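Number of protein chains: 2
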Amino acid sequence: MKLSKNKLYSVERVKDGHLTTTELLECAGYIKKMSNGLYVYLNLGQKVINNINKIVREEFEAIGMNEIGLNQLQTADLWRATGRYDDYGKEMFKFKDRSDNDMIISGTNEELVTAVAKDFITSYKDLSFTWFQTNNKFRDEIRCSNGLIRCKEFVMMDAYSFNLDKEDLEKTYNEVREAYKRIFDRIGLKDKYRIVGADSGEIGGSVSEEFIVDTVDGEVEIGHIFQLDDKYSSKLDVTYTDENNNKKTVIMGCYGIGISRLLQVLAEVNRDGNYLNFYSEVSAYQFAIAVVDVKKEEQLKWAEAWYKSLTDEYGVGSVVLDDRKCKIGKKLHEMDTLGYAVKVLIGKKASEYKHEIKRWSSDDWKETDGDIY
Amino acid sequence: MKLSKNKLYSVERVKDGHLTTTELLECAGYIKKMSNGLYVYLNLGQKVINNINKIVREEFEAIGMNEIGLNQLQTADLWRATGRYDDYGKEMFKFKDRSDNDMIISGTNEELVTAVAKDFITSYKDLSFTWFQTNNKFRDEIRCSNGLIRCKEFVMMDAYSFNLDKEDLEKTYNEVREAYKRIFDRIGLKDKYRIVGADSGEIGGSVSEEFIVDTVDGEVEIGHIFQLDDKYSSKLDVTYTDENNNKKTVIMGCYGIGISRLLQVLAEVNRDGNYLNFYSEVSAYQFAIAVVDVKKEEQLKWAEAWYKSLTDEYGVGSVVLDDRKCKIGKKLHEMDTLGYAVKVLIGKKASEYKHEIKRWSSDDWKETDGDIY
Chain A
5 MKLSKNKLYS
15 VERVKDGHLT
25 TTELLECAGY
35 IKKMSNGLYV
45 YLNLGQKVIN
55 NINKIVREEF
65 EAIGMNEIGL
75 NQLQTADLWR
85 ATGRYDDYGK
95 EMFKFKDRSD
105 NDMIISGTNE
115 ELVTAVAKDF
125 ITSYKDLSFT
135 WFQTNNKFRD
145 EIRCSNGLIR
155 CKEFVMMDAY
165 SFNLDKEDLE
175 KTYNEVREAY
185 KRIFDRIGLK
195 DKYRIVGADS
205 GEIGGSVSEE
215 FIVDTVDGEV
225 EIGHIFQLDD
235 KYSSKLDVTY
245 TDENNNKKTV
255 IMGCYGIGIS
265 RLLQVLAEVN
275 RDGNYLNFYS
285 EVSAYQFAIA
295 VVDVKKEEQL
305 KWAEAWYKSL
315 TDEYGVGSVV
325 LDDRKCKIGK
335 KLHEMDTLGY
345 AVKVLIGKKA
355 SEYKHEIKRW
365 SSDDWKETDG
375 DIY
Chain H
5 MKLSKNKLYS
15 VERVKDGHLT
25 TTELLECAGY
35 IKKMSNGLYV
45 YLNLGQKVIN
55 NINKIVREEF
65 EAIGMNEIGL
75 NQLQTADLWR
85 ATGRYDDYGK
95 EMFKFKDRSD
105 NDMIISGTNE
115 ELVTAVAKDF
125 ITSYKDLSFT
135 WFQTNNKFRD
145 EIRCSNGLIR
155 CKEFVMMDAY
165 SFNLDKEDLE
175 KTYNEVREAY
185 KRIFDRIGLK
195 DKYRIVGADS
205 GEIGGSVSEE
215 FIVDTVDGEV
225 EIGHIFQLDD
235 KYSSKLDVTY
245 TDENNNKKTV
255 IMGCYGIGIS
265 RLLQVLAEVN
275 RDGNYLNFYS
285 EVSAYQFAIA
295 VVDVKKEEQL
305 KWAEAWYKSL
315 TDEYGVGSVV
325 LDDRKCKIGK
335 KLHEMDTLGY
345 AVKVLIGKKA
355 SEYKHEIKRW
365 SSDDWKETDG
375 DIY
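Taken in order, these protein sequences are the chains called A and H.
The first sequence begins at 5 in our numbering and counts up one residue at a time.
The second sequence begins at 5 in our numbering and counts up one residue at a time.
The hints are simulated quantities; they were obtained by calculation from the structure and are not laboratory data.
It cannot be assumed that every hint is accurate.
It does not matter which identical chain is used: a pair holds within one copy or between any two.
Simulated pairs of lysine-lysine, DSSO-like, Cα-Cα distance not exceeding 27 Å [unchecked claim]: (1) K122 - K11; (2) K334 - K122; (3) K312 - K58; (4) K239 - K37.
Since the structure is predicted, the reported quantities are computational estimates derived from the model, not experimental observations.
So here's chain A without its partners, still in its complex pose (with noise of 0.2 Å):
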C-alpha cells in the first residue's frame, strides 16, 4: 500500500507520558471505541487479527482439526434442552424474532454444534473429530473493562471434539494443548504465557486449564481448553454404537482462543515504551519502507524497486511504501509507533543502492545492500 494513494489511518502523534496498551492501539489506529464494550477494528487492528486467524487455522489444520461457520443467530430450544437458557443469566442477549420465536446471539456454541455432529455420529468408526470455527461472540457483560479486554462483543475461535472415551479425550485435548503453544509461540507469547489448572464456570466439565499472560494490568486469559466428559452429550441424547454394539454416549472437550484479546495481549507484552512491536507473521504490514525525501528521484527509485520486489513476494496487503511528501520525522515516528516488524529507510545512499534497516529483534538502524526478508 502505498501512503500517497491510500489513507490508512490518521495515526495521532502520541504524546509523551504513559499511555494504557488500549489509548496506544486507539491513537495508533488500530481500534476505535464505538460504545461501553463495543470496538471496531480499523484496517491494523483487523489485519493482525487476520493474521492471528491465519495461524491459528495452519495449526489445526495441521492436527487434522476441521473448521466450520456456525450461526450467531440461534433459537433457543437448544438452550433450553441444556437448562443454560435460564442458567446462563444476564449475560446472554435474548430476544424475540417477528415470528414471536425466542432468539438469542451467542456467546458460545456447545449445544448448537453437539446437535450439528450428533447427526454424522452413530458408530464408534465415526469418532473422534474435533471441529473449529472463529466469529463474533456476544455477552453481555456488566463491566466492561480494559479495552478489548472485556467486551459485549469480541473475536474468538471456539474448537469442539467428540471423543469415544475419556481416554481418546484426554489424546486430542493433549494434541490442541500443544497447537495452542504453538500458536502462542508464532505470534509473539514465547515464554510470556503459563498454562493453569482452572474452573470450569458455565462451560462445566471435569478438567480444565487456561493459558495465562500477565501484563500490568493483572492476568488476562487468553486460551481456555476443557474436558466437558458427557455434560452436553447426554443431555442432547448424543450416543454411538460401540464394536460390541453397544450404546455409549459421545465424550466431549471444547477450546477456545481469544483472538481480539489477543490483539491487546500481544501489544501490551510486546510494547516498548509508546512503540509497538508485532512479531513478523501477526505484524499488520510486515514490511514498512519509507522514502526520507521522495523529490529525490533515486531514493523514490530504490524504494519502488523494493516495494515491488515485497509486494510480488509477499502480496500487496503486506508492504506500505510511505512514499508522502512530508518529514521523515513523521515517517520514523509513525513507523515506530505501528510497530511493523522490517522497517526500512531509503535516503541518500540510494544512489550507491543502499538502504537501512531495522529488525522487530533489533533497535538499531543498520546499512545494507542486501535482502530486507
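Once you've looked at the hints, dock chain H against the given chain A.
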C-alpha cells in the same frame, strides 16, 4: 487431510433423480439447515467461503481498499439519527441490553461506518478512501427461501467509499465495479453473470447496479453497488474543508457481495447433474487423491508421496488423501459428488509411477506420470 484419520463428513450416497442445489449441498455435507433461514457451514462449505473471501481480499487490496471489522451488535442511536431505526421495519432484529438500552444486530452498516470514518476526515487531503469487511449479517426475513439465497443470517462483504465529489465517487465506483468482474471471473462465474441498473431500495442513493446470475430458480443477486451521494454523510454531518477552505459534504458509495449466497450460486451454475464442480481457487480441497487398494503397498506409497508433495506446496488444508479401507467405487462417487477441482486416482500402475488424473475442465480420466498441479 487423510480420510483414514479424519472424519470430515458423512456424505450421503446421493440418489439418482433430481436434487435441488440446496439438497445437493446438504447431502454432500457442505451445509446443514438448523432452523428456518439459519444454516451451519460444514467444513466443505466453510472452506469454499474462506476461498471466496481470500480472492475478494486480494482483488480489493490490489486497488487500495482497506479491510476493517465492524461490530455486529450496535446501539440504536446512530440508526435513529438517519431515521432507519424505524424505516427498516421488522427486518431488523431489535432488543434491549441489561441496562435497558436499545440495541440491534446489523443487516447493513452505512450508519456505523460513516460514524467511524467521520473521525478521520477533516480536510480534502484525507479523501478518498474505501473500507471493506466480511462478516455475518442479520435480517428477520418474512419468507426465507431457496437455501442460502434468502436467510436470516448470511455472510456478506460490505464496502464503503468516502469521496470528495461526484466525479471522485464515480472513479471509485468504476474501480470497484472492475474488481467485482475480476472476482466473479476467478471464482467460476465467467460469462455467467450480467450487470443491470437497479432500484436502490432501503440503502438509497442515486445510481445502483446489480450483478445478476440466472439460475433454474430465477435470478438470485450476487453483488450490488451503489452511489449513495450524501444520503448518510449529510444526516451524520460528515464534512471536509476543500482547497479554498470551503466546507463540503463528503460523498459516499457502498458495495456488497453475498458471499454465502455465492456458495450456492457457484454450486448451482457449475453442477453437472448430481455432481458438484468448483473452480480450482474456490474448491474446498483443491486436490483429492484416491487410492484404489490401500493394501497394495506401492499404491499407498505413491499416493503418500504425492500427498506430501502437494501439502508442502499448497498447505495441508488444500489436499484430501482418501486412504480408507473401502471400495474404490465409493471413493470415486464421493470425489465426483463433492466437486474437488483436481481428482487423482492411484491404482495398479503405481508400480510404474503412473496415476490417472481428472481436472475440472475435463470429463475424462487421463493416465500420466507427470505433475498433478
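Evaluated hints:
{"no.": "1", "hint": "K122 - K11", "in the structure": "between (49 Å within a copy, 13 Å between copies)"}
{"no.": "2", "hint": "K334 - K122", "in the structure": "between (58 Å within a copy, 23 Å between copies)"}
{"no.": "3", "hint": "K312 - K58", "in the structure": "both (24 Å within a copy, 21 Å between copies)"}
{"no.": "4", "hint": "K239 - K37", "in the structure": "between (40 Å within a copy, 21 Å between copies)"}
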